[in-house]
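A.B. asks: According to the working numbering, the sequence shown is numbered sequentially starting from 1.
It is possible that some hints are incorrect.
Said to hold, decoys possible - Keeping only pairs whose Cα atoms sit at most 25 Å apart, straight-line, the calculated SDA-like set for lysine to any residue is:
1. K400 to Q88
2. K90 to V166
3. K59 to T363
These aren't lab readings, by the way, just hints derived from the structure by calculation. Keep in mind it's a predicted model, so treat the numbers as computed, not measured.
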Amino acid sequence: MASRWLAVVVSVAACGGGNSASSDAGGDGGSGSNFVDGSTPLVDADPSCHTPGQLPAMKAQLVAQSFTQPIYVAQPAGSTDVYVVEKQGKIKIVRNGATLATPFLTVNDIQIPSSTSEGGLLSIAFHPSYATNGRFFAFETISGNQAVVREYARSANPDVATATPVQTLISYGEDGNANVGGTILFGADGYLYISAGDGSNAPEAQDLTSRRGKILRVDVNAPATAPPGNITTSGADPFIWDYGLRNPYRMAFDRQTHELFIGDAGDALQEEVDIEPAGSGKHNYGWSIVEGNVCHDGTTTCDKTGTTLPQYTRPHQTDYSVLIGGSMYRGAALPCLRGTYIFAIYGSQAHILSWSWTGTAITNEHDLTNTFNVDPDVISINEDATGELYLVTLGGNLYKIVPA
Numbered sequence: 001m002a003s004r005w006l007a008v009v010v011s012v013a014a015c016g017g018g019n020s021a022s023s024d025a026g027g028d029g030g031s032g033s034n035f036v037d038g039s040t041p042l043v044d045a046d047p048s049c050h051t052p053g054q055l056p057a058m059k060a061q062l063v064a065q066s067f068t069q070p071i072y073v074a075q076p077a078g079s080t081d082v083y084v085v086e087k088q089g090k091i092k093i094v095r096n097g098a099t100l101a102t103p104f105l106t107v108n109d110i111q112i113p114s115s116t117s118e119g120g121l122l123s124i125a126f127h128p129s130y131a132t133n134g135r136f137f138a139f140e141t142i143s144g145n146q147a148v149v150r151e152y153a154r155s156a157n158p159d160v161a162t163a164t165p166v167q168t169l170i171s172y173g174e175d176g177n178a179n180v181g182g183t184i185l186f187g188a189d190g191y192l193y194i195s196a197g198d199g200s201n202a203p204e205a206q207d208l209t210s211r212r213g214k215i216l217r218v219d220v221n222a223p224a225t226a227p228p229g230n231i232t233t234s235g236a237d238p239f240i241w242d243y244g245l246r247n248p249y250r251m252a253f254d255r256q257t258h259e260l261f262i263g264d265a266g267d268a269l270q271e272e273v274d275i276e277p278a279g280s281g282k283h284n285y286g287w288s289i290v291e292g293n294v295c296h297d298g299t300t301t302c303d304k305t306g307t308t309l310p311q312y313t314r315p316h317q318t319d320y321s322v323l324i325g326g327s328m329y330r331g332a333a334l335p336c337l338r339g340t341y342i343f344a345i346y347g348s349q350a351h352i353l354s355w356s357w358t359g360t361a362i363t364n365e366h367d368l369t370n371t372f373n374v375d376p377d378v379i380s381i382n383e384d385a386t387g388e389l390y391l392v393t394l395g396g397n398l399y400k401i402v403p404a
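The task is simple: from the sequences and hints, build the whole structure.
C.D. replies: Structure, rendered in structure tokens:
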């Protein structure tokens with residue numbers, strides 16, 4: 001986005017009992033046409049659903065409230081605690097519906113230039129073996145005009161982390177004002193993926209010496225060495241996985257297909273979601289040559305050679321202005337919702353939308369705004385360790401999508 005503060009809208013849906021979702025957590029893009037188990041993608045993952053493509057009865061249930069600008073939710077594998085990230089630099093634990101009084105972590109060097117700036121503590125990712133090794137990671141904009149991904153450690157008290165970072169995995173110049181990006185996720189390959197915005201400097205998205213406007217990929221066990229599979233173009237930053245992105249604020253893996261869903265906020269023409277096949281990488285998503293699937297300069301003659309165009313676009317409008325992104329539902333509580341991507345649009349009137357991805361086409365689009373009827377400032381849609389979805393509102397509330 002430009003200088004506007006990014007606000008996200010989310011969605012969730014589901015229906016009755018059925019098979020549990022896959023326990024595989026995260027991924028590195030998707031096969032596009034087949035699930036990991038070799039089956040054919042379905043509009044609804046559970047064959048007992050009466051009308052494939054019709055969303056089940058669901059609602060957004062308030063879990064906790066009174067946070068200060070919460071913008072992300074995460075959960076370690078095997079835990080029932082929910083960790084809420086506050087933009088100003090705190091992580092708080094919600095346990096059985098109650099927020100613990102002592103923050104899990106307070107980051108003291110967060111840099112947020114103004115009240116409308118997009119920087120801050122943006123997201124966290126727990127190591128897949130967090131239960132035994134206590135390692136977790138945070139994406140932050142900090143003093144000195146830097147965006148960083150830093151590692152932290154759980155202390156002897158499991159409800160409190162050690163405040164001093166263990167190490168910095170990635171850093172680059174970023175004042176935290178606009179187009180910061182902001183998601184970190186582990187893929188099924190064990191590597192950490194980082195969505196970095198262009199910092200309102202559009203040409204950097206096509207510049208392979210810059211880390212801005214990219215998806216970065218890091219080995220947390222050897223952060224100084226680029227993982228195999230990253231871009232290897234001569235002179236390119238070795239940690240680049242994809243490039244040509246404007247502001248990929250929220251991205252998420254489909255834990256079943258391992259496709260990567262990247263919500264990229266548009267400038268003035270189109271919003272987009274890019275769906276990346278599992279493990280592919282090295283995509284040029286086109287910004288700032290293209291915006292969505294049209295030429296950014298307003299002509300019809302820009303050279304799109306070598307660009308990967310999005311699977312989903314919508315016009316950038318006053319009402320539907322900024323696409324934030326969302327998550328694919330793969331939980332067990334609403335099996336008839338499985339295989340539905342729920343995402344948010346922020347604007348003068350916020351919207352929560354959904355559609356199904358068949359592996360080749362977008363189908364069954366729905367507007368879920370009235371279904372959930374939550375605060376209009378949804379800023380993130382995140383999944384827990386079992387694939388259930390949470391909605392976070394910038395005004396301070398945490399909701400969970402549950403059967404109605």
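A.B. asks: If you test the structure against every hint from before, which numbers come out violated?
C.D. replies: none
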